[in-house]
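K.L.:
Chain G is fixed; fit chain W onto it per the hints.
As given, the protein sequences belong to chains G and W, one line each in that order. The first sequence runs 72 to 516 under our numbering. The second sequence runs 72 to 516 under our numbering.
Watch out, some of these pointers could steer you wrong.
[Unchecked claim] So, partial list: chain G residues that the calculated Cβ filter (under 8 Å) puts toward chain W:
1. K115
2. H355
3. C396
4. T398
5. T400
6. D401
7. E405
8. I410
9. A420
10. A444
11. P474
12. Y476
13. A482
14. E483
15. M493
16. L505
None of these hints come from the bench; they were simulated from the model. From a predicted model like this one, the values you see are computed outputs, not experimental measurements. Think of the CB as a built atom: it goes at the ideal place given N, C-alpha and C, for glycine as much as any other residue.
Number of protein chains: 2
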Amino acid sequence: MNRSITFILAGVIVLLAAALTGTLIFMKNQPPQERSFEPLVEVKAMEPDSSVWGQNFPNQYDSLMKTKTNNADTKYGGSSAFSWLERDPRQKILFAGMPFSKDYNDDRGHANALEDVNATKRVNWDVNDPKRTPGTCYSCKSSDNPALWAEMGMEAYDKMAFADLSKQVNNAIGCANCHEAGTMRLIVTNPALEEALKAQGKDWKTFSRQEMRTVVCANCHVEYYFKGDGKYLTFPWADGTDVDSMISYYEELGFKDWEYPDAKTPMLKAQHPEYEMFTQGSTHYNAGVACADCHMPYVRDGAAKYSSHDVHSPLLNPVQACGQCHTDTDYVVERAGIIQDQVAETKIATEDAIIDAINAIKAAAANPNADAALLDQARKLHREAQFKWDFVSAENSTGFHNPEYALKLLAEATNTARQAQMLAAQSVGDMSLLATGVYYAPPAQ
Amino acid sequence: MNRSITFILAGVIVLLAAALTGTLIFMKNQPPQERSFEPLVEVKAMEPDSSVWGQNFPNQYDSLMKTKTNNADTKYGGSSAFSWLERDPRQKILFAGMPFSKDYNDDRGHANALEDVNATKRVNWDVNDPKRTPGTCYSCKSSDNPALWAEMGMEAYDKMAFADLSKQVNNAIGCANCHEAGTMRLIVTNPALEEALKAQGKDWKTFSRQEMRTVVCANCHVEYYFKGDGKYLTFPWADGTDVDSMISYYEELGFKDWEYPDAKTPMLKAQHPEYEMFTQGSTHYNAGVACADCHMPYVRDGAAKYSSHDVHSPLLNPVQACGQCHTDTDYVVERAGIIQDQVAETKIATEDAIIDAINAIKAAAANPNADAALLDQARKLHREAQFKWDFVSAENSTGFHNPEYALKLLAEATNTARQAQMLAAQSVGDMSLLATGVYYAPPAQ
Numbered sequence: 072m073n074r075s076i077t078f079i080l081a082g083v084i085v086l087l088a089a090a091l092t093g094t095l096i097f098m099k100n101q102p103p104q105e106r107s108f109e110p111l112v113e114v115k116a117m118e119p120d121s122s123v124w125g126q127n128f129p130n131q132y133d134s135l136m137k138t139k140t141n142n143a144d145t146k147y148g149g150s151s152a153f154s155w156l157e158r159d160p161r162q163k164i165l166f167a168g169m170p171f172s173k174d175y176n177d178d179r180g181h182a183n184a185l186e187d188v189n190a191t192k193r194v195n196w197d198v199n200d201p202k203r204t205p206g207t208c209y210s211c212k213s214s215d216n217p218a219l220w221a222e223m224g225m226e227a228y229d230k231m232a233f234a235d236l237s238k239q240v241n242n243a244i245g246c247a248n249c250h251e252a253g254t255m256r257l258i259v260t261n262p263a264l265e266e267a268l269k270a271q272g273k274d275w276k277t278f279s280r281q282e283m284r285t286v287v288c289a290n291c292h293v294e295y296y297f298k299g300d301g302k303y304l305t306f307p308w309a310d311g312t313d314v315d316s317m318i319s320y321y322e323e324l325g326f327k328d329w330e331y332p333d334a335k336t337p338m339l340k341a342q343h344p345e346y347e348m349f350t351q352g353s354t355h356y357n358a359g360v361a362c363a364d365c366h367m368p369y370v371r372d373g374a375a376k377y378s379s380h381d382v383h384s385p386l387l388n389p390v391q392a393c394g395q396c397h398t399d400t401d402y403v404v405e406r407a408g409i410i411q412d413q414v415a416e417t418k419i420a421t422e423d424a425i426i427d428a429i430n431a432i433k434a435a436a437a438n439p440n441a442d443a444a445l446l447d448q449a450r451k452l453h454r455e456a457q458f459k460w461d462f463v464s465a466e467n468s469t470g471f472h473n474p475e476y477a478l479k480l481l482a483e484a485t486n487t488a489r490q491a492q493m494l495a496a497q498s499v500g501d502m503s504l505l506a507t508g509v510y511y512a513p514p515a516q
Numbered sequence: 072m073n074r075s076i077t078f079i080l081a082g083v084i085v086l087l088a089a090a091l092t093g094t095l096i097f098m099k100n101q102p103p104q105e106r107s108f109e110p111l112v113e114v115k116a117m118e119p120d121s122s123v124w125g126q127n128f129p130n131q132y133d134s135l136m137k138t139k140t141n142n143a144d145t146k147y148g149g150s151s152a153f154s155w156l157e158r159d160p161r162q163k164i165l166f167a168g169m170p171f172s173k174d175y176n177d178d179r180g181h182a183n184a185l186e187d188v189n190a191t192k193r194v195n196w197d198v199n200d201p202k203r204t205p206g207t208c209y210s211c212k213s214s215d216n217p218a219l220w221a222e223m224g225m226e227a228y229d230k231m232a233f234a235d236l237s238k239q240v241n242n243a244i245g246c247a248n249c250h251e252a253g254t255m256r257l258i259v260t261n262p263a264l265e266e267a268l269k270a271q272g273k274d275w276k277t278f279s280r281q282e283m284r285t286v287v288c289a290n291c292h293v294e295y296y297f298k299g300d301g302k303y304l305t306f307p308w309a310d311g312t313d314v315d316s317m318i319s320y321y322e323e324l325g326f327k328d329w330e331y332p333d334a335k336t337p338m339l340k341a342q343h344p345e346y347e348m349f350t351q352g353s354t355h356y357n358a359g360v361a362c363a364d365c366h367m368p369y370v371r372d373g374a375a376k377y378s379s380h381d382v383h384s385p386l387l388n389p390v391q392a393c394g395q396c397h398t399d400t401d402y403v404v405e406r407a408g409i410i411q412d413q414v415a416e417t418k419i420a421t422e423d424a425i426i427d428a429i430n431a432i433k434a435a436a437a438n439p440n441a442d443a444a445l446l447d448q449a450r451k452l453h454r455e456a457q458f459k460w461d462f463v464s465a466e467n468s469t470g471f472h473n474p475e476y477a478l479k480l481l482a483e484a485t486n487t488a489r490q491a492q493m494l495a496a497q498s499v500g501d502m503s504l505l506a507t508g509v510y511y512a513p514p515a516q
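Chain G extracted, bound-state conformation (with noise of 0.2 Å):
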């Protein structure tokens, strides 16, 4: 009997382990599991509407959400549509001749993107075109982008007039701008950013998650421009991500993005350069901190703990924010203001030499008998000093996001500035020319 129970109990042993072995082959042989949690609903593949996703997602969806109200200010900044044509009247001569000289309000939260880029008098400014400005204006409003751009293409995308493709957009930024449905995985979804990246020999699905979370914000936070008659968004990166790469990019190119009036100057217009100033050797970046480790941290809603979609100034909840990494937040705000003070105040001194360089150009170009080589030679400086501050003024932090870059930027600007103001006198032998702080009278509109 003990033989046949040894027996017996070896059969069982082996055919134990024989179906333990065919359930790991056969789990070896699945696809991975790509998610840990059980869908509340099946999300379509891009789906423009986040409250689809939202059912899955309540507490990121929430956060989300708060971008439509969340309208207070910083110091410098902040999420409410202030002026900064009313806060800073030199704006207006800075960008005379082109949108920004009419309307120039402060970014608000995400969830108004689509509401604002539609109210804005940037576009459709031209009653006599009314199809004058392109669709290429929607590609960072809305979440119906991503299903646009695979349904026609960006190119299709770009080459609609905004007016006709107003009818298709109808959700503000959301989900689908930053997430792969199903997986929830962070993707790059602008073709544009896909594009400059390739052309830097880089492809972001080899990028850690870490690096997603700075890269996805670059899906619109960075310098761009419309290329060609067929307004096809670039982003000008094939030299590098740094400013004067940037402008040796445009230069090779000719592209200008409108001449300022009287002055003749080939302009850029800064976007809003925010991933490229941060990219460039920032202290927060070298060390290894994300745009979302600041922008969305982590918090809690009783036991559960998300990235809060709320996405705005850090100086608003330094507490959440910077106590992620730093225990004494109340001293990394000073430090905030700090920087951003010092920044504040060398951008005016910038923008000051830039408008007396223009005072002078419009002068010199309006005299027949200007040396044209050394008039040119003012534009190209002219050209160069605003791009460099426009960099610094445009993106989003006062500096903050790279203190040092941004100082370096306004010391070259300012330089860049007054010799462009030096080149116009020469150009006409004008002493009158050399006249500094006159600044006063903007242009009216």
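P.N.:
Same frame as chain G, but now just chain W:
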């Protein structure tokens, strides 16, 4: 018997209690115990010979002696005596007409201070007047000073000729410059520092030990000037220790260090304003870090732990220096490098701008028909621009002690220099004075 034992015991207890009380009262009335060690030798007050102090503190003394030979360099500074005039020939032009254009070597370690001041061509340079250099030049070079100041007073000290004072100055910087013998506490020994603090309503005797670990460095590492005919050592801090306040202080006083040749600009020479740069809202200072935390970090020798007195750049021993607070010293060294690269590059651009201004002012000053008011205004701006540049350039950190402030100052200096150049051109109506980048021909010495 039980009763008599109880009685005896009670008596003993009463006697013991009385004895204990008496002892406590006696101890309470003793002078406070000011040191917790038993010295091997008694060090007399203001003992100039550091080797005497060294018998009690061999580790501190041995490390101080290392400053004799710690001649390693960093990328932009260090402790060798490399020539600034060879490394950056622009400085020959910037300091033309004053001793720094003849001999400007980088500072070596503390133990070489006396040897180096005796050897530099910046003292006793006037062969016609061998007593022209005042004794004041020894103020930061010797541990003989505290006793000499106590004995003769700083006024008499400063009135002596350098050549005459030499006999009494035999020891390089040492213990007596910062410590009180006996208690070893940190003290202000330079009367000029005590007076400058008092002018701001500050009494260093109320400072914490951590504050003193910065303030004792201000015995020497500051901006100063020689006041009046008596060459009285004075720090220009009455209006504040920021650069603008110091410029307005010098302006009110009508002070100049020298007159720039041909240009006739009344110039200011910045000394080594590490204290002012660091304390002007820098991130490390605001975080409570003292000079000694980085430059004199705690080190170990066997079981002994002491503050290293081998003072030099923390970039030469980052694990010890930065590692007291930062876990990733590779990162912070890289960070310091990025900051210094940006400051160094911006500094050169500022130098070019100032030299352009100098060339223009010199040419204008040679023209008897120059508009005197415009030319004087140009000189005023030249003076301001060069002092701001020099504040960054002479300061031993290539901006690291306060990156944002350094870059802001350079931006202002460049702007001011360009305006000086324009005013000079206007004063004579000569367009050729607007030439830029003409720095390459240093004047013959």
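K.L.:
Using 8 Å as the Cβ threshold, decide whether G/I410 counts as touching chain W.
P.N.:
holds (6 Å)
K.L.:
Is the hint on G/A482 kept, meaning its closest Cβ partner in chain W is under 8 Å away?
P.N.:
Holds - the Cβ of G/A482 comes within 8 Å of chain W, reaching about 4 Å at its closest.
K.L.:
Using 8 Å as the Cβ threshold, decide whether G/E405 counts as touching chain W.
P.N.:
Check passed: Cβ of G/E405 comes within 7 Å of chain W, closer than 8 Å.
K.L.:
Grab the minimum C-beta distance from G/D401 to chain W and call the hint holds if it beats 8 Å, violated otherwise.
P.N.:
violated (11 Å)
K.L.:
Does G/P474 hold up as a contact with chain W if the rule is Cβ-Cβ below 8 Å?
P.N.:
Hint holds; G/P474 Cβ to chain W Cβ min 5 Å, cut 8 Å.
K.L.:
Should the interface hint for G/M493 be scored as holding, given a Cβ-Cβ cut-off of 8 Å against chain W?
P.N.:
OK, holds: G/M493 within 8 Å of chain W, min 4 Å.
K.L.:
Does G/C396 hold up as a contact with chain W if the rule is Cβ-Cβ below 8 Å?
P.N.:
Constraint on G/C396 not satisfied, violated at 12 Å.
K.L.:
Go through the hint on G/Y476 and say holds or violated, using the shortest Cβ distance to chain W against 8 Å.
P.N.:
Cβ of G/Y476 sits 7 Å from chain W, so the hint holds.
K.L.:
Less than 8 Å between beta-carbons is the criterion; does G/T398 satisfy it with respect to chain W?
P.N.:
Interface hint status for G/T398: violated (11 Å vs cutoff 8 Å).
K.L.:
Given G/E483 as an interface hint, is its Cβ closer than 8 Å to any Cβ of chain W?
P.N.:
holds (7 Å)
K.L.:
Under 8 Å, Cβ to Cβ, is where G/K115 needs to be relative to chain W, so tell me if that hint holds or is violated.
P.N.:
violated (44 Å)
K.L.:
Restraint: G/L505 near chain W, CB-CB cut 8 Å. Satisfied or not?
P.N.:
Constraint on G/L505 satisfied, holds at 4 Å.
The earlier numbered hints that this structure contradicts are 1, 2, 3, 4, 5, 6, 10.
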